[in-house]
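Asks: Okay, here's what each chain looks like letter by letter:
There are 2 protein chains.
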Amino acid sequence: MGFGAKYIGIDLGGTKIAGILADAGGNIFCQDKIPTKKEEGKERVLARIYSLIRQLMKEAEPGEVKGIGLCSPGPLNVKTGVIIETPNLKWENTPVVALMEREFTLPVILENDGNAAAFGEYRYGAARGTSDMIYMTVSTGIGGGIIANGKLVYGRDYSAGEVGHVVILPGGPVCSCGRRGCIESLASGTSIVREVKNRLAKGEKSLLQEFGGENLNRLTAKEVEAAAVQGDCLALSVLEKAFYYLGIAVGNLVNILNPEVVVIGGGVSKMGPLLFEPVQKAIGLSAFPHMCRDLPVVPAQLGGEAGTKGMVALLHRKVQKG
Amino acid sequence: MGFGAKYIGIDLGGTKIAGILADAGGNIFCQDKIPTKKEEGKERVLARIYSLIRQLMKEAEPGEVKGIGLCSPGPLNVKTGVIIETPNLKWENTPVVALMEREFTLPVILENDGNAAAFGEYRYGAARGTSDMIYMTVSTGIGGGIIANGKLVYGRDYSAGEVGHVVILPGGPVCSCGRRGCIESLASGTSIVREVKNRLAKGEKSLLQEFGGENLNRLTAKEVEAAAVQGDCLALSVLEKAFYYLGIAVGNLVNILNPEVVVIGGGVSKMGPLLFEPVQKAIGLSAFPHMCRDLPVVPAQLGGEAGTKGMVALLHRKVQKG
Numbered sequence: 012m013g014f015g016a017k018y019i020g021i022d023l024g025g026t027k028i029a030g031i032l033a034d035a036g037g038n039i040f041c042q043d044k045i046p047t048k049k050e051e052g053k054e055r056v057l058a059r060i061y062s063l064i065r066q067l068m069k070e071a072e073p074g075e076v077k078g079i080g081l082c083s084p085g086p087l088n089v090k091t092g093v094i095i096e097t098p099n100l101k102w103e104n105t106p107v108v109a110l111m112e113r114e115f116t117l118p119v120i121l122e123n124d125g126n127a128a129a130f131g132e133y134r135y136g137a138a139r140g141t142s143d144m145i146y147m148t149v150s151t152g153i154g155g156g157i158i159a160n161g162k163l164v165y166g167r168d169y170s171a172g173e174v175g176h177v178v179i180l181p182g183g184p185v186c187s188c189g190r191r192g193c194i195e196s197l198a199s200g201t202s203i204v205r206e207v208k209n210r211l212a213k214g215e216k217s218l219l220q221e222f223g224g225e226n227l228n229r230l231t232a233k234e235v236e237a238a239a240v241q242g243d244c245l246a247l248s249v250l251e252k253a254f255y256y257l258g259i260a261v262g263n264l265v266n267i268l269n270p271e272v273v274v275i276g277g278g279v280s281k282m283g284p285l286l287f288e289p290v291q292k293a294i295g296l297s298a299f300p301h302m303c304r305d306l307p308v309v310p311a312q313l314g315g316e317a318g319t320k321g322m323v324a325l326l327h328r329k330v331q332k333g
Numbered sequence: 012m013g014f015g016a017k018y019i020g021i022d023l024g025g026t027k028i029a030g031i032l033a034d035a036g037g038n039i040f041c042q043d044k045i046p047t048k049k050e051e052g053k054e055r056v057l058a059r060i061y062s063l064i065r066q067l068m069k070e071a072e073p074g075e076v077k078g079i080g081l082c083s084p085g086p087l088n089v090k091t092g093v094i095i096e097t098p099n100l101k102w103e104n105t106p107v108v109a110l111m112e113r114e115f116t117l118p119v120i121l122e123n124d125g126n127a128a129a130f131g132e133y134r135y136g137a138a139r140g141t142s143d144m145i146y147m148t149v150s151t152g153i154g155g156g157i158i159a160n161g162k163l164v165y166g167r168d169y170s171a172g173e174v175g176h177v178v179i180l181p182g183g184p185v186c187s188c189g190r191r192g193c194i195e196s197l198a199s200g201t202s203i204v205r206e207v208k209n210r211l212a213k214g215e216k217s218l219l220q221e222f223g224g225e226n227l228n229r230l231t232a233k234e235v236e237a238a239a240v241q242g243d244c245l246a247l248s249v250l251e252k253a254f255y256y257l258g259i260a261v262g263n264l265v266n267i268l269n270p271e272v273v274v275i276g277g278g279v280s281k282m283g284p285l286l287f288e289p290v291q292k293a294i295g296l297s298a299f300p301h302m303c304r305d306l307p308v309v310p311a312q313l314g315g316e317a318g319t320k321g322m323v324a325l326l327h328r329k330v331q332k333g
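The listed protein sequences derive, respectively, from chains X and S. Note that the first sequence covers residues 12 to 333 in this note's numbering. Note that the second sequence covers residues 12 to 333 in this note's numbering.
Next up, chain X with everything else stripped away, as it sits in the complex (with noise of 0.2 Å):
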């Protein structure tokens, strides 16, 4: 174990908490993943979290850990340190940051999951080395973070960066957020499982027919990658107007952002060049060519450790900055 400043990162969400021991650099020394269990209420889940913290503790030398980060679906206040709601999770008002400096005697940061896996990969992944990007993450809904001259961007609510909720088609489905027309209810995986249900409804063919009656609940966007991967016209079908729109979407970011880079990561994501070639062939349809020529539209490369790596990024930064 290398000796010197190391972090502890958790990201904490709906299912699962993952917690790495790391340094500035980005090397993991141990690194851990335990269930949420949510339903047993914030006080457990609070408890496992410090369990969890303690046991990557011991993997450390004493006095070497510098901080401890957490990052969580929000809203909620980096400033404060408060968890102000998160639907999943129906935590609400939760000074998570002065409970856990009191339970640790560390310093402690928040901050919104999409802000931390967007810091994760600019410092540590795909965005490494420029200093405008923008991340988004896309699975069950669409989240992310961005970066403007080095900075993530944060606005007066510490509630910038809700890529997902742009609105780009005008009374379109209806979108988790309640609004409709969001690119989150044209693209996310829930949407897309969505429209093949509907479409499935209609009698359209598919491979996907398996998927009728009381089996429909288990259809997820993996099955229609399977089937499209197969050649079948239905999900190709659905895949590609899904892409069509966040392609434009993207275009839409890089108009008003000009990034250097666009990363992509999440469950959908991998899905790889089913989405990426039309995503990247619709971005011209919104962005200007100067902007979208060379820009490189990449996928993550830190998967599930980009919030946790971040919160180790963001910690380092604050710790330096005194």
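Calculated from the structure, these hints are not laboratory results. We put the CB at the ideal spot given by N, CA and C, even for glycine. Don't take every hint at face value.
Pairs of lysine to any residue, SDA-like flavour, derived with a Cα cap of 25 Å [stated by the list, open to error]: (1) Lys101(X) to Lys292(S); (2) Lys252(X) to Gly242(X); (3) Lys162(X) to Val89(S); (4) Lys44(S) to Thr26(S); (5) Lys292(S) to Ser187(X); (6) Lys162(S) to Gly333(X); (7) Lys162(S) to Phe299(X); (8) Lys44(S) to Pro84(S).
Partial chain X-side listing against chain S, Cβ under 10 Å, derived [stated by the list, open to error]: (9) Leu117; (10) Gly172; (11) Ile179; (12) Gly262; (13) Gly314.
Not the full set, but computed from the structure, chain S residues with beta-carbon under 8 Å of chain X [said to hold, decoys possible]: (14) Asn104; (15) Ala159; (16) Lys162; (17) Val164; (18) Val177; (19) Met302; (20) Gly333.
Given chain X's structure and the hints, the job is docking chain S onto it.
Replies: Only chain S this time, still in chain X's reference frame:
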């Protein structure tokens, strides 16, 4: 005349060139406007800019003028000081900064006119005291600029802030940029007039019917506004639709950037409540409630001086940094 550092700000437009002599507080000591006469060619226009600058310098004590700032439509390169292209003026690859520094032996800076106006409103106008703001100018086209974390967002090619070219109606009307469904193609003065013409051509009744046949060329957004004020249904319906889209586009920017204030300037914004009320209403169709809560969406305060004053503020910042 006050004694101290003074700056010259020049706003090079397609029809007029505006110039001011001002101090870092934005106090104007002298100003003038001259016609661009772009048809006379680049050399003559440059000569006219030089004589405007000389005239403004006469109003300062010797040595008081610390720099000259020029803003112009882009694309241009802020770093190299080269106007790459101005479709309007037909200047191509013109190293204006080098040319002007040789002429005046003073520091010269170049900026995109949307960014300059954004910075002017940020420093002296409707966004004073904020660190995250969006500026939009709605006139014949739609442009703007973005400030995040207290800095202009430039991006890779100094081209960020193209807020008029976010597509919110894929496959919609053809835009001046050649693509389809940009907000400029839906809510600019030009698009408002185009929509009125289309509906008149279909035989709809309106106070604007006098603008039939050859008179159509004289129709501007101003007449549409006047008809709307008189309760004309066609005019009201066209404006309502345009500003509904504009509100959705603003809401998208709010979700991405979470600003403290949105400033809207440009000729069309002078319609006042006719624009601001529907925009304010439609923002909520795309933006998250907590990001539009208490979010001021306000008229620009500097009018035609936003660009020149912005250049003065940018010059002052540059000189201070050394």
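Asks: Which earlier hints turn out false for this structure, listed by number in ascending order?
Replies: 1, 9, 13, 14 and 20
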